[in-house]
Amino acid sequence: MTVLVAGWFSFEQMGATAGDLLVRDVACAWLDEARRSYAVATAPPLTGGVDWRTVEPSEYEQVVFVCGPLGNGPPVDAFLERFGHARLAGLNVSMLDPLEAWDPFDALWERDSSRTARPDLALLSTPSAVPVVGVVLVQPQQEYAAGMHALAEEAIERLLGSRELAAVRIDTRLDHNATGLRTPNEVASLIARMDAVVTTRLHGLVLALKRGVPALAIDPVAGGAKVLRQAQAIGWPVVYTADVLEDGELRIALEYCLTAEAQREAELAAQRGMRNLAAVRDEFIASLAG
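Under numbering that gives the first Met the number 0, residues 0 to 289 are what the sequence shown spells out, in order.
Simulated from the structure, these hints should not be mistaken for laboratory data.
It is possible that some hints are incorrect.
[Claimed, not checked] Below, a list of computed lysine to aspartate or glutamate pairs in the EDC-like style, where the Cα atoms sit at most 16 Å apart: (1) K225 to D246; (2) K209 to E264; (3) K209 to E266; (4) K209 to E185; (5) K225 to D242.
All values derive from a computational prediction rather than experimental measurement.
Start from the sequences and build out the full structure, keeping to the hints where you can.
This is the structure we're talking about:
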């Protein structure tokens, strides 16, 4: 007989969190260790499991409800009624009611209840590390008549959706910052912590390379304008223009930006740029003496 693993990820619009899913994975790993067959009850937008409302309840001799706050009410009451025949275990749940008032479980290893508290099982989870990619976009600029910002951003969204990664939106504009940043230091420090940056902004490119963060730059102006010119001036090769974008090529470019080789090239590009600027410094200071 099969065990049914359920949680808030089994119900639509019930706020399933990353923690819920990581604890689910811990529970499934334990079932694997015990050599027990199991199914996971999932609800959209999650996929890959079974719908507890349509499966045959008699196929499951045991139900494990994992993670999250749990009280006596909908939709849990309907779930418990449907699987009332099964042995019910609670794992890593926070019991909202005192146990003497409501405890539907045959076995309970709660996260916290009226009798005890335990460490959360997410401590035992082993999530895989994914790249953290900064996304630095420029708003449409009237001074560039050939601007193709929407096309560039659509390509970027397809790129970000093509693989698992953590996309961090970073706004460099400080008069009205969409991501809650207040100072240049905050912007620069956040960019410096990225594994790579995808950007349509000139300073998204420059601030990334300055800290050795590879940048996939897209000039949002057809034919290229200041972003393309800046990449060329620094000698950074991962730059495209919005009128010539190919999804496959962008995916290859992003994978390159996530390599140690690209990181070294980013550092070298920044160093070249700073060396070239030394003459500008000297000439500027000399001009003030005239």
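Verification of the supplied hints:
1. K225 to D246: Not satisfied, since the Cα-Cα distance of roughly 23 Å exceeds 16 Å.
2. K209 to E264: At roughly 11 Å apart (the allowed maximum being 16 Å), E264 and K209 satisfy the hint.
3. K209 to E266: holds (7 Å)
4. K209 to E185: Judged against 16 Å, a Cα distance of about 15 Å means the pair holds.
5. K225 to D242: Roughly 15 Å separates the two Cα atoms, so the pair holds.
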